[in-house]
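Peer 1: Note that the protein sequences, when read in sequence, are chains Z, L and R. Quick note on numbering: the first sequence equals residues 1 to 329 in this note's numbering. Quick note on numbering: the second sequence equals residues 1 to 306 in this note's numbering. Quick note on numbering: the third sequence equals residues 1 to 384 in this note's numbering.
Be careful, since some hints might not be right.
[Unchecked claim] Simulated crosslink set (BS3-like; lysine-lysine; CA at most 25 angstroms straight-line): (1) R:K357 / R:K339; (2) R:K180 / L:K263; (3) R:K53 / R:K278; (4) R:K211 / L:K263; (5) R:K160 / L:K263.
What the hints contain is simulated information worked out from the structure, not anything from laboratory work. In this text the structure is predicted, and so the values were computed from the model without any measurement.
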Amino acid sequence: MVEMSRENLFNAAIAGLLLALPLGAWALGESYYISVASRVAILALAGVGLNLALGFGGMVSFGHAAFFGLGGYAAGVLSHHAFEGSAFLNWPLTIDGSDSTLTLWFAALLVSGLVAAVIGAISLRTSGVYFIMITLAFAQMIFYLAVSLPTYGGEDGLPLYLRSSLPGLDLSDDLTFFFVCYGLLLLAIFLSLRLVGSRFGAALQCARQNETRLSAIGIAPYPVKLTAFVFSAMITGLAGALFVELNGFVSPSILSWHLSGEIMIFVILGGVGRFYGPIVGAALFIVLETVIGGYTERWQLFLGVILLGVVLFARGGVIGLLAGKARHD
Amino acid sequence: MSAAFIFEQLLNSLQLGVMLFVMAAGLTLVFGVMGLINLAHGSLYMVGAFFCAWVAGETGSFWVGLGAGLVAAAAAGAMVEMLVMRRLYDRDHLDQVLATFSLILIFNEGTRWVFGAQPLYLDIPSALATSVPLPGGGGYPLYRLVIIAFGIATAAGLYLLISRTRLGMQIRAGESDREMIGALGVDINTLYTLVFAIGAMLAGLAGALVGALQSVEVGMGEPVLILAFVVIVIGGIGSIKGALIGAILVGLVDTLGRAFLHKLFALALPPAEANGYGAALASMAIYLLMATVLAWRPKGLFPVNG
Amino acid sequence: MNKKLIALAVAASVSMPAMAQAENVKIGMITTLSGGGSSLGIDIRDGFALAVKQGGGKLGGQDIEVMIEDDARKPDKAKQIADKFIKRDKVDILTGIVWSNLALAVVPSAVKGGVFYISPNAGPSQLAGKLCNENYFNVAWQNDNLHEAMGEYVSSQGMKNAYILAPNYPAGKDSLAGFKRFYKGELAGETFTKLGQKDYAAELAAIREAKPDSIFFFLPGGMGIAFMKQYAQSGIEAPVFGPAFSFDQGILKAVGDAALGVKNSSQWNKDIDNAANKVFVADFQAEYGRLPSLYASQGYDAARLIASALKKAGGIGDAAAFRAALKVAEFESVRGAFKFGPNNHPIQDIYVREVVKEGDVLTNKIVGVGLKDHSDAYASQCAM
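Let the sequences and hints guide you as you build the complete structure.
Peer 2: The following block contains the structure:
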């Protein structure tokens, strides 16, 4: 219990730090660091999504970039049509473009959730390494689809010109945008906490540890895992929509398997199955990449060595290293 | 469409297939014996190609280069096993994925540091730079036939190694019961290093042979790595036989998809669109194959250990 | 704590104007320096750096500060670096991007924010047409240009049945469209390959079956190396044509003798006879110990264009004057005659080169002109 509270303290410190950085940057007029903080919050949100499947449900998805990218494309495509003044779909029903933030988020959640339901339904028949690879395969299919189909720019992607509008807030202001991302991040962590703490969460964790036992008490593991997988994908999809808005463009690179690997790295770096782990992981990764990248073009070498060091010598991720080995089992 | 054309495309499928097998065999061997996912297998492929190109450039002989590529890949593999992999056998797959992902970054940037940013020159030996006439007209590059021969020889060699030698016995024992072979007095550390080095050498062989046909550049390993994973997942992870069947299947689907899909689309669509859609579907074909196989048989075609 | 923060903020805002007085012209270079394709970015950087060195660390007599960062060929990373350069370092000029998809991620928003972008390589059709901007200048080519010149040249060589192929992505589609815009014969076939594909056995078999009289391909990077080597073994006799990308100095060595004799289109070659080019080729070799590539020439010209405009406008303080000075492009380009069209893309000659051996070294020599004073097909869509 002592260790648990140490972790809680640590979590509060992480959340506080991520909030303090952009505020400090704002006070100093360094708006660049606000967008760095937004980037960390968004990627951490993607990690929180994956953590739900991976950390609590034991579903090692190597294809979460698919959901990140689909969320991004859903938002980007609608926003693009709004800018062009054209409709996304005319038949069988009319879907216009939109620059309303809530509509874009809804579209991202819907698309990533629906596709996750299909991918999950097939993939969850497998387990272990097969699951890792089949999720990768589905993500690759969507990647190649996005690269080769010309409607939305193919590999070039789509530049977007407007931040969407949220009633009462000006999202084109960097700090406001950060607060929105940060708020969604905390909300997602809160929801995962509630979910994992619920009866459903208990069943999910049981499915990770021992499916037979779960079946024995009359709960089928498959629907439990599928539901968690869909939730996980939706959170990651929402992160994708925010990422596209932050960057002002959408392209197939957010569907690439490298990004799936990176989201996984955020989770592992922070500590698998730790609610605040993805924040630490994403922050550490971005900071390493930015700082070393500023010094040497060989940054990937050093990044590789550091990541390797963490995985070899810091079991349980950075939070595990600093806050003790206890895990939410 | 002539019969010779179809025959040539079948040969192409076979050639791609056996090359993927050489690549995938090492991957599946390492997984079967040590239970290790190695994303850095593509990096060993790259090491084989770069050392082959470098030594072939210095000595003027492709075959000396090929030998050097094999030795370098095996040495790099043994080193990676002793320094990194050894600590990961009792970890879950996640840690292995992250560690070997880091190794990709290190290998790519390290290779660029040593050999420079520009692609290296490596060409096939001039004696093999001709084509062999095919029945029904046309010719087939001799070098591609040599690759097929190398692939078949590798398959046969692996079969003999695993079924007929003492090492093979230990590998088989390791696949079925990891704790037990330690108890039987086999030096696990040496066995694992050896198996990993053999896997690395196969990757290096594929890298050097294919490098001569394609291009030797940093990052060449990753696309092949994903293909190799597709192969072993289709075949059943840990199964050499599965890897062989999976590789041939992937070779067939990929090659025939590229050769015929756009013609199929052209029956219903104008040519420019048919080309676009055909190419898009062809690039997704092997992943569709994999998803279909796994939806039907969740542990691949030849599941290991039930 | 709070007080300290505010004090810092005040100090920072007070010191700003004082710093602005002595401020250099800041140039941010985003280019690919790691991973596959890094040799292109390295050449652009080195060409640019050579021009700065020749200017004694200045461009056009103005003190400059060049910041260089690696985009690893990832659009979002390029965007992130651009963000840093613009917001934190307050750069005046951005340059360096190699790839069209990265340029499209960075350029539209950057130039809208008032930063100048000088493109040393990528020239996607969008930026030449609908998305053109007064602050965006392309000193290399519009993406279609080299392909268009090849279309013209292949026709002029009496070829009537060409087989054309390119990867299935926007630049590939633009390439074949550009070729067809000027090619007058029939097509024996048209194939889109998978992006990043290295094995062309299936495609070569289809080409043999189609019996074309010529082959045109656009397969940049390792794809082109692989295609040329496999083509050489295929026994297909039809001559190959392509844009310079697969036959340029940095890549020729890896293609090897398979490239000998191939005709390729380029707006530059090291044997173009003018004073600027002679100095460039000699100095580049002396500085880096290798022959300059097309990309190096473009990086060099980008720096020299900036230098000419800084000199004419007396710095970058007056953005309108600097823009006007860029537009007239009063610099001696290493490719010879050079001027900007209405959409800030080059109007220039596109040459046809042939791969030859000088001693042991594979290189190119100019054998003709593909298109004279050529501009691009998108200028009419640009409302500027």
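Peer 1: So, for every hint listed, does it hold in this structure?
Peer 2: Now for the hints, and whether the structure bears them out:
1. R:K357 / R:K339: violated (32 angstroms)
2. R:K180 / L:K263: Since the Cα atoms of R:K180 and L:K263 sit roughly 21 angstroms apart, the hinted pair holds (cutoff 25 angstroms).
3. R:K53 / R:K278: This hinted pair holds, its Cα atoms lying about 16 angstroms apart.
4. R:K211 / L:K263: Roughly 17 angstroms separates the two Cα atoms, so the pair holds.
5. R:K160 / L:K263: Answer holds: R:K160 to L:K263 is near 23 angstroms, not above 25 angstroms.
In terms of the numbered hints stated before, the structure departs from hint 1 and from no other.
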